[in-house]
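S.K.: Residues per chain, in single letters:
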Amino acid sequence: MELTREEESALKGEHGETMQMAYRILVATGEATDAEKLIPIEWTHLSGVNYNTIGDAGEEFLSSVSKDARVKVKTTLNPMGFDIDNVSNYGLDENFISKQLSIKNSYETMGVTPSFSCIPYEIFDIPKDGTQVAFAESNAAIHANSYDNLKTNKESAFSALASALTGKSPNSSLRKEETPNITINMKIKNPNELSYGMLGFFAGKVGDTSVNISGLSNMDNRQQKAMCGGMGTSGTCAKFIFGDGDSDCEKIDFDEKELQNVHDELNTAENGDIITLGSPQLGLEEITELSQKLKGRSFKKRCMVFTPRTVKVQMQKLGYTNELEKAGCEILSDCCTCLTPLINKDNVDAVTTNSIKGAFYLNNSNKVGVNLKPLSEIIEDETK
Amino acid sequence: MNKVLVAGKVNGTILKSKDSINFLGTVDKKTGIISDKNHDLYNKSLKDSILVFPSGVGSSVGAYTIYSIKSNDVAPLAMICKKADLTVATGCALANIPLITISEQEFSSLENGMKITLDTENSTPILH
Chain A
0 MELTREEESA LKGEHGETMQ MAYRILVATG EATDAEKLIP IEWTHLSGVN YNTIGDAGEE
60 FLSSVSKDAR VKVKTTLNPM GFDIDNVSNY GLDENFISKQ LSIKNSYETM GVTPSFSCIP
120 YEIFDIPKDG TQVAFAESNA AIHANSYDNL KTNKESAFSA LASALTGKSP NSSLRKEETP
180 NITINMKIKN PNELSYGMLG FFAGKVGDTS VNISGLSNMD NRQQKAMCGG MGTSGTCAKF
240 IFGDGDSDCE KIDFDEKELQ NVHDELNTAE NGDIITLGSP QLGLEEITEL SQKLKGRSFK
300 KRCMVFTPRT VKVQMQKLGY TNELEKAGCE ILSDCCTCLT PLINKDNVDA VTTNSIKGAF
360 YLNNSNKVGV NLKPLSEIIE DETK
Chain B
0 MNKVLVAGKV NGTILKSKDS INFLGTVDKK TGIISDKNHD LYNKSLKDSI LVFPSGVGSS
60 VGAYTIYSIK SNDVAPLAMI CKKADLTVAT GCALANIPLI TISEQEFSSL ENGMKITLDT
120 ENSTPILH
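Here the protein sequences line up with chains A and B, keeping their order. Last residue of the first sequence: 383 in numbering that gives the first Met the number 0, with the numbers rising by one and none dropped. Last residue of the second sequence: 127 in numbering that gives the first Met the number 0, with the numbers rising by one and none dropped.
No wet-lab data here; the hints were simulated from the structure. No experiment lies behind these values; they were computed from the predicted model shown. Glycine included, every Cβ here is placed at the ideal spot set by N, Cα and C. Just so you know, not all the hints are guaranteed correct.
Label pairs and their calculated CB-CB ranges [to be verified]:
(1) B:N42 x A:S8: 21 to 31 Å
(2) A:G15 x B:A6: 16 to 26 Å
(3) B:N111 x A:R301: 43 to 53 Å
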């Protein structure tokens, strides 16, 4: 990769240790993704916020780096481990809370917008078509590339942080014209958001950096988010290109058999003790729809609803908070189903959810069983 | 294609996986042991190995897992992949774990338990 004289000097450590580290990360990233140079970016979205995932090593690293590191461009942030408004209801230990607040503080010190959301594409204005950004959250990177006309690598927590500190990112293949060699044909009849999540999970396993995808009907917001979340979980692929692709593309069907395979891998329980909605977090549109669907009904068991803080404030004003709480929902902002410390095998055997992304991490990290159902069935089966 | 992502020189024994690795979901941060029952390396420790695997997959937060296992002294000495993904590349860059990519042919020539020297300065980085 070619560096400018100034970038070379930063890499040698002439602009301080933090800049040296940032450029070392950008160079490793650039080599990994066949970039020929670094380019300016206008917005970064960071992952690596939840103490449950980054642990003491992450907390100490951020505390140290935040002493002199400051972000150079607009920088937003993934969910953390809890909602401070109601954390006392969940029996989290003091150590977790204080370490999490230290992480929050480190990011704020660096100048990061404390959005604690995995759906930046839904709660912030989208810049003009073709704008270069650097999104670490996998569902957000895929959504940005596939639906928002933005350009991003599927960044890691570190490459996104390095981009925030330098305002630069490697000019990798996902930022250029992509011609995937695989086309996935969606063959499932009457798909719901769970089918689309499974399609995404399948696509992430077979795709490389991007895939063509055909046979999709009109998808709503929830289905689009589910598909992006599913793909981000299973692979390195970070863009859907809608259409059949070139005639020489390898064609792969996503049919009932493939759907069943994904279902068998991730559905590990017959029933859930609690329900979670939101991974990715629910936006205002989904909250509005949920509160309409729950009119006159209430959950027979606990139902956790994860949403960004900005949406939590809006829904309060619009009266949805009241309605959802009446239906038995617990509204949580700043955190998400994925890797939440609020659900673990000591208090829960299994969770019912419509999220493929949530299912993967609940199974593998939280070690609880997962019962997969689309929202329509969850409401039908679990409310009265 | 052969690339040097993070430079360095180590001697060690190969731990090879035919499966990709999702560092966030499947590697225990404290012990460096693979906890995914469906994984080729289930119950194996990554500590002090030269880890040979196709590539990393899954959540980007996995880079912090690599930094964590290094801090907890249970990290591999070096990593060798067929394809370098961003999570592994940046995790190794920060933790200063040497990382190279090699061709399919070289990948299949490396076997579990083989003792090798990895030197990224050398024109032939892997010496048996």
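S.K.: Take the hints in turn and mark each one as holding or not.
M.R.: Hints, verified against the model:
1. B:N42 x A:S8: 21 to 31 Å: Check failed, 47 Å falls outside 21 to 31 Å.
2. A:G15 x B:A6: 16 to 26 Å: Since A:G15 and B:A6 have Cβ atoms about 21 Å apart, the given range 16 to 26 Å holds.
3. B:N111 x A:R301: 43 to 53 Å: At 46 Å between Cβs, range holds.
When the structure is compared with the earlier hints, a violation turns up for hint 1 alone.
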